[in-house]
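A.B. asks: Each chain, written out:
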Amino acid sequence: MHWSELAIELTLMPLVAFVVGLAMVLMMRKIAARLQRRVGPPLLQPLYDIVKLYGKRTQTSHGMLHEIGIVMAVGGYVAAETLLPVPGMNGIAEKGGMITLLYLTMIPSLGLALGVGQCANPNGSIGISRALTAMLAYDIPLVIVIAGVAIHFGTTNLVDVIAQQQAGGIATWGAVQMPLLAIAGLFALQGMLGKQPFEIYVAPAEIATGPMVEMGGKFLGGLFVMQCFQLYTASVLYVTLFLGGGENWIAFLAKAFAVLVIPMSIAFLFPRYRTEDMITMLWKWPVVLGLIGLAFVGS
Amino acid sequence: MTDTEQFPVRVEQPDRNGGNIFSRVFDELTAFCRSRSLFILHYCTGCGAIELPPAMTSRFDMERLGISPMVSPRQADILLITGYVSVKTLKRVMLTYEQMGSPKYVIGICSCTVNGGMYWQSYATAKKLNDYMPVDLYIAGCMPRPEAVITGLRQLMDKIAAGEANGWEDYYRRYDYYLGHQQRLFGETWQTPTDVIAEARHYGLFGPETLGDHTRLLEQHQAPLEALEMQLGLGAPDEVKA
Amino acid sequence: MTGSLDFLLLLSVVGVPLAALLAPSVVGRWLLVLLYVVQLVELALLGSGDGARSAVSFSLLGHSVGWQLDALGWFFAMITVAAAGFSAAYAAGEWGTLNARAGLSLRWLYVGLQVNVFAMLVLLAAGDMVALFIGWELTSWAGLLLMLLAGGEAIAAARRYIVYAIAGGMMVLGGLLMTLAAAGSLQFDAVAAAIPTVGTSALWAITLLFVLGFSVKMATMPFHLWQAPAYAFSPAPASAFLGAISARMGLFAIALVAIKLIGIVQLDRLYLYFDALNLRNLLAWVAVFTAILPTFVAMKQNDARLLLGWHGVGQGGYMLLGLVMADSLGSAGGLLHVFNHATYQAILLMAVFAVIHRTGTADLNRLGGLVARMPLSFLAMLIGIIGLAGLPPMNGFVSKWMIYRALILEGQPLLFVATVISTLGTVLSVYKLLHNTFLGQLRLEHETVKEAPWSMTIPMLVLCVVVFVTGVAPGLVLEYVAAAQQALGLAPVAFILGGIDSPAGTLDMIWVTAILLAGFGIGAVLFYLMGGRSRRVHQLDNYAGGHFLTADVRYQYSDNFYAGLMHRIRPWYRGSFAWAEEALVSTFGAIATAARGFFEQANPAHWVLVGTTLITTWVMWHALV
Amino acid sequence: MTDLTLAVALPLLAAFVRPLFNAGALRWLGQLIGPVVLALVTVILFAHWSTFSEPFAIALGGFAPPLGIAFYVDRMALLFALAVPLVTLLLWPGDDGADGARRQSLTLLLAASLTGLALSGDLFNLYVFYELAAVASYGLVAGNGSSAGYVAAFRYLMISALGSVVGLLGIGLVYFKTGTLNLAELATLGNELADPQGLAAFAMLAIGFGVKAEMFPVNGWVPEVYGAASRRVAALLAGLASKLAVLVIVRILLLMFPSDEARQLLLVLGILGVVSGELAAYQARDMARMLGWSSIGQLGIVFIAFSLPGEAGLVAGVAAALHHLVVKSALFVLAGPWGGAIDRLRGAATVSALGAGLFVLFALSLLGLPPLPGFWSKFLVIGGLADAGTALHYLGMAAVLTGTVIEGAYLLRVITTLYAPPAGSPAPPRQRGSDLLTAGLFGIALLAAAVMIDPLWQTLDALAVSGVDTAAYQQTVLAAQEAHP
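Protein chains in written order, with the working numbering: chain A, 1 to 299; chain B, 1 to 242; chain C, 1 to 625; chain D, 1 to 485.
The shape of chain A in the complex, shown without the other chains (with noise of 0.2 Å):
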């Protein structure tokens, strides 16, 4: 590949992502007000918002950790786009594959952690350990169902997988090949988005919600930028585990969006759970689904 056709494609990757995620924000908001009998906001309020956010006159800042955490939760984003495959688009797909992946969304949550932490703030801090608890509770099905995947396609190379999955159609996809994997990973997945019932660590009403207690201005608008590129992350990856990623735009847009209304659906329906029940919960059905699901990969 010309270095110049990838330039592009990494320019690229993350501005789609993210402009992608705004609309999966809106979308999110509108089935919230449509499950509870309300208009929701106006097509543009995801974008509203953080422009009025970065448009703060003033604005508080902790200390330099606490700024630069802002700058991994949004940089990091933006480098883990380039390696999530999407319809014409490879980027550096290949020289990372999905460990890597999975682990460098973690960067993102590292860099709030320091930020969050540096604000000197109980409510963000307590927030951060249920975040991290709840990422232990979520990683776990998520992995089992990395570990079934891969070894199902053969490959961590997240290109491979895709198409492989492309190339016999809907029967190779992966969650028609391995349902139960395909199940539990809808547990991680909401998980993961940190939605009800599972939205311990923002918890408003408790811990005054925890990590962004002290955000205002760019540094919450920040983190609505990170929350669009999350939820395109975790969307894209499930649609490229199990849904055969996309053959074109059209089809790959309208499965992850179709995938994120699954979670989103459910959230809007439930209260939230307690840490110690979330982890019960995690560890238990999407653990032993994916067990299950992983026993027949192996087999």
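No lab work stands behind these hints, which were simulated from the structure alone. Be aware that a few hints might be false.
What the hints assert, rightly or not - Pairs of lysine-lysine residues, derived as DSS-like cross-links and limited to a Cα-Cα distance of at most 30 Å, are as follows:
no.	chain 1	residue 1	chain 2	residue 2
1	B	159	B	91
2	C	300	C	450
3	B	128	B	88
4	A	284	C	300
5	B	159	B	127
6	B	159	A	30
Stated by the list, open to error - Sample of chain C residues with no beta-carbon within 12 Å of chain B, all distances over it, derived:
no.	residue
7	187
8	270
9	289
10	378
11	492
Given the structure is predicted, the values throughout are model-derived calculations rather than measurements. In this text, a Cβ means the ideal position worked out from N, Cα and C, and glycines have one as well.
Given the structure of chain A, go ahead and fit chains B, C and D onto it with the hints provided.
C.D. replies: Same frame as chain A, now just chains B, C and D:
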């Protein structure tokens, strides 16, 4: 419905003619976004808070206007004072107000925030909110119905879009005035953790009335509030502790 | 110019009296650091994989004993000498002066360090099994020297250590002599040649004795209890050195004996029952549990040193796991992790001890917010924990990635999942360490704290550079890892400068890092160039639900940091191993008391009569039958 | 050749002469007599050692072996005989008390009888020398005049006397079955003793001689005696006397009972000794007792080693015995001022660094830290066990290895106490110069052995070759018999 115009709000109109066309368009755009995205810190000081849930939920749905509730003052744009403010509460209100990021807007809901309302004779309530902080909008009533709240919020949105909701700047520019009222109520040792004067300097919001007698009084006892900047501690090695 | 093994060993022997002589003065200590540099240069000149043989050899009791440094030993030796050098430098300046004034014997510290290096070189360069055992025992006892120095709680830990160490040593001795009985020789070649002919039960005994004996030093389960306190409570440089490399001697010995001499094929031959679970699987699972349980024990610690000590135990599990996978990728990952762990663990311990140096405590509930006062130490710890947690772009990620990949490709999803659980536990635990030490509220009494002196920060920062550079370009180290693999008789890993090149999934850290840094760059542009200005505020200007914060109020979340998680998993911390150890000791004590009672009875002469009566009865019975 | 008899006769004579010079003008002569005699004996024995070519027998006074006292001299006998005056000299009791003369003459008596034990070639003579040694040791143990000393001596006396009776019973049994007590002749009659009665005789002999050799289960006296007696006496008994008793048992085993059962009996008793001794030592809170129990354990190892068949066993056994001789004697010497409760020793390293250093050295050798000699002796023992390869041998291996771990636990407890910061008052006890000198000499011997481990091993190997050669023994002794018809 209450005519909010009869309660004057002190607003200083800055010069809006400077800058080139791009920055004006940009400012317009930002102002529009500001008006279309309002996060309410609903700080429930009194009975009026009960009118907010209907305003938020399916009947009136504030979110369609881009208004949503927020928890921490850092995140919020609007400070809703929803009822009578006792002296003790007002201290917290001040603390919270100063911690919010500007532009920030204060809305006083219920008559109590306007003139003390039915608590007029109480020794323990602050009667007139705009003595202590710039109030952008009052929604009178006891209590105002959700329709009034929504209408009020819409009016605020219009003011923001028009660049008129600048009470927060007034707080910086005339800090001494507000501080004086606060000191009168809370005592001479009154201090918040936010260094408003330093902020005014930092953001270029320093006005002729930012400093005055009251801020001098404040400086006499104010604990230092400089940020804990990173220190490398270079130089000669430490004198060894015995 | 090439180096000579004899000269190296001579250098390190001469270093011992030199250390005793020079350690008390600052200049002397820097000269000793120089001595490590010289040793390192000498080692580097020897080169990896030349198999430099020492001219010194003995014939002892009919066994020829000699030394030869192959690529595996060289790899470990480089890490050892470098770790000692960094530790020595760390203590050379203000740390040494201050602690000497507080009563620490720098003489013993530096002598101990050098004796350890010498003992480890003797072990790593062993040319036969007698030399191996000599080195092994010397290493065990040399470690004790460092552990005993700090006094206080270190003494109890050291006593416990030495019982474990002697037990391990005795198991090894048993295995050694059973090998001698089975193979008739203790030369590596002869043993390797004889092993395939050894019967299953004898092989079981030999392998188990060796592996168990060596794994005592690795602190793999169930021998994991001693290590964390023993390493943690040593003086700072000793702790950094021991934590970085000492336990890895066990891995070296396991690699040498179990992989090279006995061979992975033989391990596969040893089935636990029928053909369901063989010794290799068993080892892999032991390794995984060693990776998991100590990590979660670490998470509960409130002493930063202990927290790191427990992680040291846990990380050993990864190395063993990678090694017993024995494919080119996994074993390379295991060996690479030795290097990686040594680098970041040294940084972490140094950073923690720098904090102790300045604040006098390692209690995670009594620190916080120090990033404002000790930013360099913070940076070091940050890089260290990224390495320890195995996140890109630090080197810990690369070795872990290789192990994960090996597990997936070898069809071991359960092991893979278990390993990731350990990694996640590590992430949680190290964030707690970083947060409770450097983030959050700065305590009033720490407002005047200063950054650690240069003599302490520079070793940390140099190691940080190493961690980062070898994370971005792991090929630099993988070259030697591949050589070590060849020395072990394993297929060498196919590496590129940036990582691993393989058709089943490539890792190119140069790309990953570049993209990550580019991402950060974009993030920084988005953050710093766009949006309004921000202003840094005092930590007390903070949301507290309307509460007025003052400096004397503790506004920090540190104790029971993962409360929700602990609520769920606390019942799982049964302390079964500690309980079992205690039960063993007290049972043993009871038996010992009974034995003492035998000797303290009023009239022991009865036993003469009892014996005689028994004998007579026996004779009469024979006469009758 | 006959000057070898002097090795026994001279100390014996000196023992009786010594009290004559207890006072008066010739007191200085009394002081001198012991060391001079011992030095002389050492020189005599060393001359023999250095010129030794092949084993020979001596019939004392020209009486032929069945009737007379027969000495049999091979390398092993010479080695142990040489050790006696040498070690006695090193552990020579000073003349500090009123009973100094008595102690010295008892020590000389002990030396004479122990040398006799090493050289004697006749079961009855062995018994006589053994009893003589026993009597001398009773006196020495009780010699410090404390009530604890008397109690311990009485305890010792009871076990030893009963043991002697049993031993005598064994000798009687042997005589009853074979009609001779000459070891050489008994060796030719090996098959006559290879039955249950013979084995019983062996067991009885083992019990009899085992009392002094601290063999399980007739070693109940050990901790009391070592705890109560003066440390130099303890060192003599633990280091030297026990080894000579072991030698006797080994001689009997090799010459008279070359059966597997006998070896197994020794092995089992050895294992029990290791386990019980080390366990008890683990619970000891008193230095001297701890060393006593430890010495029971070590002698268990020696028994285990000697129970191994062939030269390997003999080499291992002699190595272990010699190592223990040096190390335990030295440790007992160090335990002189450091006796009593171990806790008392907190910070003792600060007042006598050399003593602590020596203690560490000996402890490490005892634990078998390579390249100290203790390692090689352990190496030989365990190697032999692994080679023998029966279940019982593996059990023995496990016992030795486990014993070492336990040993490590309690020795480290002492070492860490020595190096702990001092507790304040009372000040930790200080080592005496004379004790340090003695221990230092042992330490030098130990280090020298570590350096010259291979020549030593070759010597031991040669020694073992002649040791196991019972045919040569018979020939030599019986030839001597021919020569003195």
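A.B. asks: Please verify whether residue 159 of chain B and residue 91 of chain B have alpha carbons no more than 30 Å apart.
C.D. replies: Roughly 28 Å between the alpha carbons, so the hint for residue 159 of chain B and residue 91 of chain B holds.
A.B. asks: Measure nothing beyond the straight line between the CA atoms of residue 128 of chain B and residue 88 of chain B; if it is 30 Å or shorter, mark the hint as holding.
C.D. replies: holds, 15 Å
A.B. asks: Taking C-beta pairs only, is residue 492 of chain C more than 12 Å away from all of chain B?
C.D. replies: Nearest chain B Cβ is 44 Å from residue 492 of chain C, so the label holds.
A.B. asks: Can we confirm that no CB of chain B comes within 12 Å of the CB of residue 289 of chain C?
C.D. replies: holds, 41 Å
A.B. asks: Holds or violated: residue 159 of chain B and residue 30 of chain A, Cα atoms, limit 30 Å.
C.D. replies: With a Cα-Cα distance of about 27 Å, the restraint between residue 159 of chain B and residue 30 of chain A holds, given a limit of 30 Å.
A.B. asks: Hinted pair, alpha-carbon criterion (30 Å max): residue 159 of chain B, residue 127 of chain B. Please report holds or violated.
C.D. replies: Given pair residue 159 of chain B, residue 127 of chain B holds - Cα atoms ~25 Å apart, limit 30 Å.
A.B. asks: Please verify that the nearest CB of chain B lies beyond 12 Å from residue 378 of chain C's CB.
C.D. replies: violated, 8 Å
A.B. asks: Is the hinted pair residue 300 of chain C and residue 450 of chain C satisfied, with a Cα-Cα distance of at most 30 Å?
C.D. replies: holds, 29 Å
A.B. asks: Is the Cβ of residue 187 of chain C more than 12 Å away from each Cβ in chain B?
C.D. replies: holds, 54 Å
A.B. asks: Quick one: work out the minimum CB distance from residue 270 of chain C to chain B and report holds if it exceeds 12 Å, violated otherwise.
C.D. replies: At about 57 Å from chain B, residue 270 of chain C clears the 12 Å cut-off, so the statement holds.
A.B. asks: Within a Cα-Cα threshold of 30 Å, do residue 284 of chain A and residue 300 of chain C meet the stated pairing?
C.D. replies: holds, 23 Å
In terms of the numbered hints stated before, the structure departs from hint 10 and from no other.
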